[in-house]
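Residue numbers (the numbering used here): 2 to 706.
Note that these hints are calculated values from the structure, not bench results. Take these hints with a grain of salt, some might be off.
Unchecked claim - Under the rule of at most 25 Å between Cα atoms (straight-line distance), these lysine-lysine pairs were calculated in the DSS-like manner:
#	residue 1	residue 2
1	K374	K385
2	K385	K397
3	K317	K255
4	K423	K371
5	K147	K225
6	K147	K255
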Amino acid sequence: MGGRRKAAGGGSGGRRAAPGGRRAATGRRRKSGERRRAQPTGGISGVLARARGQLRRLRPAYPRPGRSGWRRWVPSWRQWLGAFGYVVLGLTGFVAIAYAATDIPDDLNSFATQQDNVYYWSDGTVMARTGWVIRQEIPLEKVPPKVRGAVLAAENASFYSDAGVSPTGFLRAATAAVTGGETQGGSTITQQYVKNVYLSQDRTLSRKFTEALLAVKLDNHTSKDKIFQDYLNTSWFGRGTYGIQRASHAYYGKDVSRLNPSEGAFLASLLKGASLYDPALGKENRERAVERWNWILDRMVATGHLTQAERATYKKFPEPTKPGSGGTIPGAQTGYLVELAKRHAIKAGHIKTADYDLGGYQIRTTFDRKRTKALTAAVRRVDKGFDAKRRPGTDKHARIGAASVGRDGRLLAVYGGHDFLKQGFNQSNATTIPAGSAFTPFVYAAALEDGVQRTRDGGRTPVSPASVYDGDDRIAVRTPEGPYWDRSGKVVKGRNEGGRDWGQVTLRRAVANSVNTPMLQLGLDVGLDRVEKYALRAGLLESSLGERVPTFALGENSTPSAIRMAGAYQTFAADGMHTDPYSVLSVKRAGDAVPLDKPKPARAVSTKTARAVTDALRATMTDGSAKAAGAAHAGAVGKTGTTAANTAGWFVGGTEDETTAVVVYRMSLKDLVPLPLKGLGGDAPGRLGSERAVGLWADYIEAVR
2 MGGRRKAAGG
12 GSGGRRAAPG
22 GRRAATGRRR
32 KSGERRRAQP
42 TGGISGVLAR
52 ARGQLRRLRP
62 AYPRPGRSGW
72 RRWVPSWRQW
82 LGAFGYVVLG
92 LTGFVAIAYA
102 ATDIPDDLNS
112 FATQQDNVYY
122 WSDGTVMART
132 GWVIRQEIPL
142 EKVPPKVRGA
152 VLAAENASFY
162 SDAGVSPTGF
172 LRAATAAVTG
182 GETQGGSTIT
192 QQYVKNVYLS
202 QDRTLSRKFT
212 EALLAVKLDN
222 HTSKDKIFQD
232 YLNTSWFGRG
242 TYGIQRASHA
252 YYGKDVSRLN
262 PSEGAFLASL
272 LKGASLYDPA
282 LGKENRERAV
292 ERWNWILDRM
302 VATGHLTQAE
312 RATYKKFPEP
322 TKPGSGGTIP
332 GAQTGYLVEL
342 AKRHAIKAGH
352 IKTADYDLGG
362 YQIRTTFDRK
372 RTKALTAAVR
382 RVDKGFDAKR
392 RPGTDKHARI
402 GAASVGRDGR
412 LLAVYGGHDF
422 LKQGFNQSNA
432 TTIPAGSAFT
442 PFVYAAALED
452 GVQRTRDGGR
462 TPVSPASVYD
472 GDDRIAVRTP
482 EGPYWDRSGK
492 VVKGRNEGGR
502 DWGQVTLRRA
512 VANSVNTPML
522 QLGLDVGLDR
532 VEKYALRAGL
542 LESSLGERVP
552 TFALGENSTP
562 SAIRMAGAYQ
572 TFAADGMHTD
582 PYSVLSVKRA
592 GDAVPLDKPK
602 PARAVSTKTA
612 RAVTDALRAT
622 MTDGSAKAAG
632 AAHAGAVGKT
642 GTTAANTAGW
652 FVGGTEDETT
662 AVVVYRMSLK
672 DLVPLPLKGL
682 GGDAPGRLGS
692 ERAVGLWADY
702 IEAVR
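Please construct the entire structure, taking both the sequences and the accompanying hints into account.
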């Protein structure tokens, strides 16, 4: 009983304590309520306060409470998950913003828009196609379906179903990199096209990211067929070609529409790297090409573009043709013509080189097909007499340059060398060989124009073709002050060819017979500065004229090109009016004419002087140093040219239609130093190089008259 009372009392006591406890609890609730009432409940400040509270609850407890040692610093799985979510959210936002801000460029890369430049002969027929890029656009429907299938199988089988980028493609590329197996590559056709026409080829992360964004955007705004068509028209196939149409011509000599699936599979292999798969570039290339070709055909079966039965018919590798010049740089003589025309078109048309190289220009040249062929044939006949193997000491480095200029300055024909692809050095336009006595007509013209001055205080005295000078060998050269002394302290004396004494000769005869001593003295009497002035007026370039010393009058230190010599002599044929040689008649682009600065005739010498010079040059052909050429054309005029060291043989001759300069010489392209012609082609020691030049000119004129 007592126990029960205690228990009850205890219980009663416990129950009595409860109200106190409730009161205490109520008291705590009042305090809590008082705190809540103390907090702001409305307005901006209330919102901010609630937001701060939420952020405090979201903030991770880090370092982690309740952990010790290194475990305090290891994030929980919730923290890891939250961090991953933030990263994904940030990247997604970044990509979305970058995609929205990315625009498809309006301007394509230069190579994507380049085309050929086409050069025409003067008669309008095609002479050459050139350009860094050989490209011709073609509609997709012109490409056979199975050829298209070969490209898709090789590069991007899922092209028509992907979104412009392919994550699995990157995985395949990575797998292939590890295993060494074949794959389509990590980039889709859309990505490759974007890289080709909009971006650089740099392998950077930023470029790859931009490529992917552009690929997706392009895929959303452009049809798949259009993307595929543009891809085929702008891709690099090697041999200087862009686009499958020109590649078809470069490798198989036919239009793409005539390709079979086997040939299409080979062309598709080139997209992986033309320099690795063109069989013409080596044995290893061919082995790679055959392996890749077989793989592509098998892929075509797997992708449904070929049946197994069709695949079985393609067992033999379709050997492409051997590469030619590809039209990039024409070979043989055409290359020299194209190079001259290109330079002139850019200069006269005020065309930027970068724009010109983009292509699309049609250039009508001044070159005459018949004359070019005849001049080349005439040079080749002379070339046959040279044998560097039998006579290396005399025939090695033998060269011939030739150029023909029309009455109005048009370049009608040039001979620049054996083959432009093997030697870019243009022998017709080289300023490396002395003009020799072929320079003396300019001395003669200056004398007829300005007269001479033989004494210091005396005035200038007119001269005429009949004026007489001493033509003997080894005559001392005199100035108004007395004999001319060279730097070694010796009196300068003139030398005639063969040491011949001509006695008193007229200036006309001195020019016609290449008598050196009168012309040497005449140069000093006129004044070498005046000789230079008239040489420039006639069309020689200042950079090719030598120092004004006595031998300047004999052309020993002046090195004009065959082109410039022909143009300068044409000045005399045109009654003293000079027109700079030019090689382009017209230029068009996209059907529109490009304005050209055409050379304008300018008075170089008087008509009287020009006709007097022409008369002396005609005498050269009848009873002078070029009688052998006189029979080639009635009424022709001309002048031979030799040098004191016998390093060049010139002949510049003209008819009523043209003037042609020919120079025979020896020179190594390593040092550009003229070498003696003695014994050239097995000639007797006394034979001059000018005799070969005369014969060559005569053969050419007979062929074109």
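Evaluation of the provided hints:
Distance check on the hinted pair: K374 and K385 sit about 17 Å apart at the alpha-carbon level, within 25 Å; holds. The hinted pair formed by K385 and K397 meets the criterion: a straight-line CA distance of about 13 Å does not exceed 25 Å. The suggested pairing of K317 with K255 holds, with an alpha-carbon distance near 19 Å, which does not exceed 25 Å. In summary, the hint linking K423 to K371 is supported, as the alpha carbons are separated by about 24 Å, within the 25 Å threshold.
Using a Cα cut-off of 25 Å, the hinted pair K147 and K225 holds, with the two alpha carbons roughly 17 Å apart. This hinted pair checks out: K147 and K255 have alpha carbons roughly 17 Å apart, not beyond 25 Å.
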